[in-house]
Amino acid sequence: MTNRRVRTNPRLAAAVLAGKTVRWAMRSLGSGGTALPGLVVERLHPHAARQLASRLGDTALVTGTNGKTTTAAMLASILRADGRDPVIHNRSGSNLLRGVTAALVDAASPLGLPPARAPAVLEADEAALHSIAQAAPPTVAIFTNLMRDQLDRYGEIESIARRWTETLAHLPPDAALALNVDDPLVASLEQGWDGPVVRFGIEDDAVPDAPDGDISDAVWDPTTHDDIQYSRRYFAQLGRWHTRSGRSRPTPAVCAEQIAANEHGMSFRLSIPDGHADVALSADGLYSVYNALAAAAGAVALGISSKPIARGLEAYQAAFGRQEDLSIHGRRVRLLLAKNPSGMNQALRTLQRPGTRHHLLVLLNDGIADGTDVSWIWDVDWESQAPYCRSLTVGGRRAADMALRLEYAGLPAPAAPPQVDVGRALRQAFDAVQPDDQLIILPTYTAMLDVRQRLGRMGATNLWDAAA
Amino acid sequence: MTSAALNIAVLYPDLLNLYGDRGNARALERRCTARGIDALVTAVNIGDDWSPQSADIILAGGGQDREQRRVQADLQRRGSALRDYVDDDGVVLAVCGGFQLFGNHYRGWDGEIMEGIAVFDAVATHPGPSVSRCVGNVVALWEGETVVGFENHGGRTYLNDGQDPLANVVSGFGNNGGDGLEGARVDNAFGTYLHGAVLPKNPHLADRLLQLALQRRYGSDAPELQPIDDRTARRAHAAALHSALSTRDSRESRLGRRFA
Ligand SMILES: [Zn+2]
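Taken in sequence, the protein lines are chains A and B. Residue 325 in the working numbering sits at position 325 of the first sequence, with consecutive numbering throughout. Residue 199 in the working numbering sits at position 199 of the second sequence, with consecutive numbering throughout.
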């Protein structure tokens, strides 16, 4: 409980009410968009987010190129396992300031007051981190990784790294940083930071090295401009690195050991400064282990112990469309969202199980949320999928580009020409799928929203509640 | 003519590899193989012992500023050999950062000048970090046909008098967003800002590079490029045209630029 007196502010209350009304109207229209209420509130009251956030309790910001949504969902699950309810959380990838505003409005009472001291887990787009950190000063800021993503929006990786460093100068001095030390760009953020740091990374010699052709973005050390060298490289620029000038990967305090993949996901032994726990994740891929480590490091910074961390991670269900398993009339469907080369390479790697072949539906849109530049598909190792692909269908606004790329990769020729219409592509893909077969759907962001809605109408079960 | 062969050299593929540019070598290789022409793709890295004389086609892609700076000294060292190669009708495709490095120089927003190898009589300047980048789908007219791609560059290129452009912009920014010109051409050297990758979905441009290289190497014995089934490539070309020209898309990208 807080004993700070909070006076209600009529203008803020009006803005919050308007935001709630827009949200209600959108829900009743069946629209999944989450940014509009935030936009309305921002227009009516420019400092709404800052005022609403001033009553928050522990606040975790999660940023980075890949894994933000999953990491944030995992950390929210850990907080719930630790008995800290309600958790304020901007879901579904609405990670600009207006998405955060919308989440705060959602949690606020009609008088414009969020529940006092409620913990918040806020996902921040890597380019929006600065404005979000200003509005909601974090208790811990979690940095997952910095990879080549939608550079058409932001310019170059280096400028994001520079902006992050600038943002750090404006954080509360006692805020903690949770840093992925396997990423040399993220690890370098601790230079010049005097507050607490929780380092996380993988400590397991049995993890295989990245296949050749996996792309790496950070080829130089951002501080010394030396080449980065690796004794181990797991994927993209993540691994055990060092430079000629003697900088090397710091030892992580939060780490995963004995990592193994199984039918249901990944298992590993989690080490944190106060103990160990065995964790069984219901999510595939080494990147899911990184997301779990990022969430665990954030939890450690908030003073949570190993037991609730493990319980929270195990209770986590794959976030909205990132990785979902569904069932439709006895056919299994897996939805894997990917919109950049390293994310897609990781998603593809989870599909390469010896002896299995699946039906593939690849959906490529080129809206703002997908990235208007589709050239990244040439940087993905689709060639590795050829032995595992039984049938192929392509759809989306840039389906033709994808069909061309996959023809080059030697995948089976699609049964029909590329379909701009996602619904048609979905029906075509299903035509090839026999009962007990698995259909893998690889959509970009807006294609994921589209295909998910159609799957729901087709009677798919086990869908995340979109209105949550 | 029993069997023809072409040597394709890719300059600094580890550093100049933005936005799918690696697809260009793949497109040339594939369109050769489909016609029974042997294509040998070689990577040229910093410090490698390599002579342009061994190449029939040279490719250079785009890189981030720092990566461009890293290759610049090595490229300077090869400058006169590369200019000789172009004078000798050697075929070049230089994209974005590669295009800038093949020009006279690049002036960064801090005023620092990076010398190019002056194949193209063109100068690139960066207008400063507060000016937005040239980003988006591009359609340009090249010899009466459309070429499509995606551009993403902070620097603006200006052609000096007498330097021919490669193409004329129909939609997009092109060299500088002002004069309607896209890329540059000197003899058989092509410079462009188009990523995408540009060659897979512009099969006519890819074939032109192959034809020029075969003519240079085999003269009157050069084999004809037989038509191949490239429906998939032409569909991708059409989809890129549609994305670039549909009003919805251009409105979206304007909004995107404003909110980014
Ligand atoms: Zn470019």
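Take the hints with a grain of salt, since some may be wrong.
Unchecked claim - Pulled a few chain B residues facing chain A out of the computed Cβ check, cut under 10 Å:
hint, residue
1, M114
2, N152
3, R217
4, A236
Claimed, not checked - Across the chosen pairs, the derived CB separations fall in these ranges:
hint, chain 1, residue 1, chain 2, residue 2, range
5, A, G192, B, W109, 21 to 27 Å
6, B, W109, A, G246, 56 to 62 Å
7, B, I113, A, H276, 27 to 33 Å
8, A, Q191, B, A5, 37 to 43 Å
9, A, E166, B, S132, 34 to 40 Å
10, B, A73, A, G275, 35 to 41 Å
11, A, T224, B, W109, 21 to 27 Å
12, B, D187, A, Q229, 37 to 43 Å
13, B, A238, A, R390, 25 to 31 Å
14, B, A81, A, E383, 30 to 36 Å
15, B, H105, A, T356, 51 to 57 Å
16, B, I113, A, D325, 38 to 44 Å
17, A, G275, B, I113, 55 to 61 Å
Please keep in mind that the hints were generated in silico from the structure rather than gathered at the bench. By construction, the Cβ of each residue, glycine as well, lies at the ideal position given by its N, Cα and C atoms.
Results for each hint:
no.: 1; hint: M114; in the structure: 16 Å, violated
no.: 2; hint: N152; in the structure: 5 Å, holds
no.: 3; hint: R217; in the structure: 25 Å, violated
no.: 4; hint: A236; in the structure: 4 Å, holds
no.: 5; hint: A:G192 with B:W109: 21 to 27 Å; in the structure: 24 Å, holds
no.: 6; hint: B:W109 with A:G246: 56 to 62 Å; in the structure: 32 Å, violated
no.: 7; hint: B:I113 with A:H276: 27 to 33 Å; in the structure: 57 Å, violated
no.: 8; hint: A:Q191 with B:A5: 37 to 43 Å; in the structure: 52 Å, violated
no.: 9; hint: A:E166 with B:S132: 34 to 40 Å; in the structure: 19 Å, violated
no.: 10; hint: B:A73 with A:G275: 35 to 41 Å; in the structure: 52 Å, violated
no.: 11; hint: A:T224 with B:W109: 21 to 27 Å; in the structure: 23 Å, holds
no.: 12; hint: B:D187 with A:Q229: 37 to 43 Å; in the structure: 41 Å, holds
no.: 13; hint: B:A238 with A:R390: 25 to 31 Å; in the structure: 28 Å, holds
no.: 14; hint: B:A81 with A:E383: 30 to 36 Å; in the structure: 34 Å, holds
no.: 15; hint: B:H105 with A:T356: 51 to 57 Å; in the structure: 54 Å, holds
no.: 16; hint: B:I113 with A:D325: 38 to 44 Å; in the structure: 56 Å, violated
no.: 17; hint: A:G275 with B:I113: 55 to 61 Å; in the structure: 57 Å, holds
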